[in-house]
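Keeping their order, the protein sequence lines are chains P and S. Here the first sequence is numbered in our numbering, starting from 377 and rising by one per residue. Here the second sequence is numbered in our numbering, starting from 94 and rising by one per residue.
Honestly, the hints are just simulated from the structure, not real lab data. All values derive from a computational prediction rather than experimental measurement. Warning: the hint list may mix true and false statements.
To be verified - Subject to a maximum C-alpha distance of 25 Å in a straight line, what follows is the list of computed DMTMM-like cross-link-like pairs (lysine to aspartate or glutamate):
hint	chain 1	residue 1	chain 2	residue 2
1	S	Lys163	S	Asp119
2	P	Lys437	S	Glu192
3	P	Lys425	S	Glu152
4	P	Lys425	S	Glu192
Listed below, chain by chain, are the residues.
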Amino acid sequence: AQSVTQPDIHITVSEGASLELRCNYSYGATPYLFWYVQSPGQGLQLLLKYFSGDTLVQGIKGFEAEFKRSQSSFNLRKPSVHWSDAAEYFCAVGLLSGGYNKLIFGAGTRLAVHP
Amino acid sequence: NAGVTQTPKFRVLKTGQSMTLLCAQDMNHEYMYWYRQDPGMGLRLIHYSVGEGTTAKGEVPDGYNVSRLKKQNFLLGLESAAPSQTSVYFCASRGLAYEQYFGPGTRLTVT
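Starting from the given sequences, assemble the full structure and let the hints guide the process.
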């Protein structure tokens with residue numbers, strides 16, 4: 377069955393430090409891959425997406441992610457974290473199942489940023 | 094261009110009461126979705142719609158019904174609310190590149 381795993385439930389980093397959030401997926405073919413961010417009390421905002429081509433994709437707010445087929449991973453990175461990046465981050469896989477396109481979400485990683 | 098909007102933002106129901114959540118999008122998207130979000134479980138798909146007049150079940154459809162009478166609106170109904178339906182509900186619509194755009198959510202508490 378298709379699944380998305382985000383191994384880290386909580387991560388704390390210091391402001392200005394680099395960040396990497398992990399995401400692994402289980403799917404037979406190359407899926408569409410997404411990262412979303414959710415600030416407290418808000419909906420989900422799309423950070424970036426991967427469909428094909430260059431395996432390093434750039435997103436909004438200075439985030440990037442790298443697709444590694446051999447590791448079935450799509451990790452999110454940011455070179456220097458800002459206090460406003462504190463939020464919950466969701467990795468998602470988009471796939472065709474039962475005749476429709478759907479997203480399967482990971483359980484999320486909550487990011488805290490220390491000043 | 095408001096994107097995806099949801100009403101109401103908050104609601105408290107007693108067990109057995111009914112209610113309807115409204116989702117509206119102004120992006121002319123065909124696909125719309127209803128999710129629920131519970132701590133530690135990410136988002137789970139309740140129902141979805143591939144166009145006006147068509148709906149289908151997602152992963153956790155029991156206890157919910159939906160209708161898509163107009164392309165821009167997608168309604169989620171709870172006929173007899175249960176405490177297990179306490180959750181945050183999100184509506185989304187899908188763009189041409191398969192990305193989904195989410196509304197701000199409705200926080201529902203069933204006592």
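Each hint tested on the structure:
1. With a C-alpha separation of about 12 Å, the suggested pair S:Lys163 and S:Asp119 falls inside the 25 Å cut-off, and the hint holds.
2. Only pairs whose Cα atoms come within 25 Å are accepted, and P:Lys437 paired with S:Glu192 is accepted, the gap being roughly 18 Å.
3. Under the criterion of a C-alpha separation no larger than 25 Å, the hint pairing P:Lys425 with S:Glu152 is consistent with the structure, at around 23 Å.
4. Proximity of P:Lys425 to S:Glu192 is assessed by CA-CA distance (about 8 Å); at most 25 Å being required, the pair is judged to hold.
Going through the hint list in order, the structure satisfies each hint without exception.
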